[in-house]
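A.B. asks: These protein sequence lines are chains A and B, in that order. Going by my numbering, 420 is the number at position 340 of the first sequence; the sequence numbering is gapless. Going by my numbering, 301 is the number at position 221 of the second sequence; the sequence numbering is gapless.
Check before you lean on any hint, since a few could be wrong.
Each pair may be met inside one copy or between any two copies, as identical chains are not told apart.
[Said to hold, decoys possible] Okay, derived cross-link-like pairs now, DSBU-like style, lysine-lysine, Cα gap no bigger than 35 angstroms in a straight line:
#, residue 1, residue 2
1, Lys127, Lys346
2, Lys83, Lys149
3, Lys394, Lys217
4, Lys429, Lys149
5, Lys173, Lys83
6, Lys127, Lys360
7, Lys394, Lys206
8, Lys360, Lys149
9, Lys432, Lys218
10, Lys357, Lys220
11, Lys439, Lys305
12, Lys394, Lys305
Since the hints were derived computationally from the structure, they do not count as laboratory data.
2 protein chains.
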Amino acid sequence: MKKPKIDSPIFFVGVRDNGIISFGSGQPDLPPPRQIFNILPDYRSFKYGLTQGQINLREALAKQYPGAKAENFVITNGASEALDLTIRALSQKFHGGKIMLFRPYYYSYPFLAKISGMTPVISDLKEGRIDLEDFKKKIKGCKAILINSPSNPTGKIESIETLKEIEKITQKLGIYILSDEVYKDLIYERENYLLHGPYVVTINSFSKTYAMCGFRVGYLYARDKELVRAVVEIKARTSMNTGILSQEMAFEATKVPRRQVDSQIKIWRQRRDLIYKGLKDMGFDLWKPEGAFYVFPKIKNANRVVNDLFYKHKVITYDGAWFGNPDRIRLSYALDVKDIKEGLRRIKKYIKGKESWLK
Amino acid sequence: MKKPKIDSPIFFVGVRDNGIISFGSGQPDLPPPRQIFNILPDYRSFKYGLTQGQINLREALAKQYPGAKAENFVITNGASEALDLTIRALSQKFHGGKIMLFRPYYYSYPFLAKISGMTPVISDLKEGRIDLEDFKKKIKGCKAILINSPSNPTGKIESIETLKEIEKITQKLGIYILSDEVYKDLIYERENYLLHGPYVVTINSFSKTYAMCGFRVGYLYARDKELVRAVVEIKARTSMNTGILSQEMAFEATKVPRRQVDSQIKIWRQRRDLIYKGLKDMGFDLWKPEGAFYVFPKIKNANRVVNDLFYKHKVITYDGAWFGNPDRIRLSYALDVKDIKEGLRRIKKYIKGKESWLK
């Protein structure tokens, strides 16, 4: 049988095999807090919930954001739907318009902009960080800007100075910031800096912090009431309430003590150090992750590497081209130490004799 | 406090008060099959599911459609997302294009078409049924047509002859049929007629048949592999998998014996007869529902009626204008006999002296 060429991350969805080491999908392997399952035995509700989201969940979230109220939140089918709805609402408001994306980007960003009629304006990151000069040159004429710090795929965080500068400039110009902060609780270097202001839409999720990917609970938080209203109006037509039981489980997650969540950062740091050192020792050129759980090493012929590693060595990696950066591959280290070690062994075997590809 | 004018069904979302009789929202009040809750106590999964939907659920659905396979289905966040994704995929394929809608329509249809860049072409129903002459006149140049039988808001079903004629004409012209059959298990007159063919996309849901509205599980079924692929691609970016636990509950629902589902039709018929006769006796001009759970009586000043009934008599009804038909109101009879009777009493009181509005 001819092996189909791997040309999209969607290729790997549903690929399961005991022999495979997957550095692919960005989902935590550590289980969610056990508390979220406690409510299941007695659950009996079944009716439509509020399109905007259950009030108990929104009130709990409001306590996590200074000065926020329940009415500033919309609960969504993961951060993906929060992004999609926000972009649709902005596209409606501005009859299209330009949105700035930083490259490399999470692979869905350009797709989401285009399918809703917005035009991506690309600004290239400089060593994984926003290039303020380029940003300033291109920002005029944009209606929105999409920031993702900590970043998927780079694993880098932006400096607080940069974020504040962007806040200032965009607020003056009335440009929306979509701040995708789904990795905000996975930062190794400092506390998260919450972008804020009248034009900021914070996108977040229970998927990464609480390992609840499959339940699909995300949200957006915005001070702009008109935007929230427009988002709810679209959601009422396109999906209605987010699953009521998933929301109850998310509500239980909000009650989990902070130290229980933070205790996992030790595990992530250990994995990060292991994969970073392992790849470095093989000669890879890569950034040390400051947040999230990805490394993004340079390598020539990245698509061939992704295909070879999968078909010849049963290792899943993602082609940097899917993130707008063709000479790199992305590896998620959301898997246990034993598997990371085995994956590194296989990669080492594969790149033997190909050292020139790492330059 | 000034009472805001009611100008959209979204006004009523979340309105709860013990004294209110709601003929508003279209959700069953009868509980779901108890079997769907049985799996909850032991449920422990948490990872991403397949974007296309759990394989067990799709295989179970495939058995319900002659000649279907699991690969022909996509599980979605309710029928709403199934419709939205299908329209987005068609708009992508045809770079916009025209879609025929029949008026009165479910209130989200024109919105869904427009927000994804398709242009609605309206064909008016004749006494609640498709006017084949008008259909034939307008169908050329359309890329798709959206049929909803049994219909929300009319409660009517199309004749099988009409449906077959439409099947024949659209297939010859290569025009897609989006067949929204969410009320297929609530027909009082005959078995459902499943529209079928290479360009048919069947939209369905667990919300009405199994009273699972809040869990948001719907699906689309299509023979067109390219269209299914395009829908999955969009869903992978905009919401990813439908909630995994909701899907498991839906899978349990597929195992519920048919007679358990059918046993509810008796209850629905009793309610239909009650509300139909009640309104008829008051002098309303309305169609006798053949499916679903709505009546759509004529009344002048419908928006004033909706506002008066809510603010003065605590009765929720929907303005026909929201469905494209300003001189009617929609009443859902998804509530128990006692409440239907009380609601009818209040309506009778209200229309006393306004008999001329019913002509």
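A.B. asks: Up to 35 angstroms between alpha-carbons, please classify Lys83 paired with Lys149: within, between, both or neither.
C.D. replies: between (52 angstroms within a copy, 23 angstroms between copies)
A.B. asks: 35 angstroms Cα cut-off: does Lys357 pair with Lys220 within a copy, between copies, both or neither?
C.D. replies: neither (41 angstroms within a copy, 64 angstroms between copies)
A.B. asks: Between the shortest in-copy and the shortest cross-copy C-alpha distance, which are at most 35 angstroms for Lys394 and Lys217: within, between, both, or neither?
C.D. replies: neither (44 angstroms within a copy, 57 angstroms between copies)
A.B. asks: Given identical chains, is Lys432 near Lys218, meaning Cα to Cα at most 35 angstroms, within a copy, between copies, both, or neither?
C.D. replies: Intra 43 angstroms, inter 66 angstroms, cutoff 35 angstroms: neither.
A.B. asks: When no copy is named, should Lys360 and Lys149 be tagged within, between, both, or neither for a Cα gap of at most 35 angstroms?
C.D. replies: For Lys360 and Lys149, the Cα distance exceeds 35 angstroms both inside one copy (46 angstroms) and across copies (47 angstroms).
A.B. asks: At most 35 angstroms between C-alpha atoms: does Lys127 with Lys346 qualify within a copy, between copies, both, or neither?
C.D. replies: between (41 angstroms within a copy, 21 angstroms between copies)
A.B. asks: If the cutoff is 35 angstroms on CA atoms, where do Lys394 and Lys305 land: within, between, both or neither? Let me know, please.
C.D. replies: Between. Shortest inter-copy distance 28 angstroms satisfies the 35 angstroms Cα cut-off; intra-copy 49 angstroms does not.
A.B. asks: Within a copy, between copies, both or neither: where do Lys173 and Lys83 come within 35 angstroms Cα-Cα?
C.D. replies: This pair counts as between: shortest inter-copy Cα distance 27 angstroms, intra-copy 45 angstroms.
A.B. asks: State whether the alpha carbon distance between Lys127 and Lys360 is at most 35 angstroms within one copy, between copies, both, or neither.
C.D. replies: For Lys127 and Lys360, the Cα distance is within 35 angstroms only across copies (30 angstroms; inside one copy 53 angstroms).
A.B. asks: Checking an output row: Lys429 and Lys149, CA cutoff 35 angstroms. Within, between, both or neither?
C.D. replies: neither (54 angstroms within a copy, 41 angstroms between copies)
A.B. asks: Should Lys439 paired with Lys305 be assigned to within, between, both, or neither, using CA atoms and 35 angstroms as the limit?
C.D. replies: neither (50 angstroms within a copy, 43 angstroms between copies)
A.B. asks: Tell me, please, which holds for Lys394 and Lys206 at an alpha-carbon limit of 35 angstroms: within, between, both or neither?
C.D. replies: within (33 angstroms within a copy, 61 angstroms between copies)
Hint violations for this structure: numbers 3, 4, 8, 9, 10 and 11, all remaining hints satisfied.
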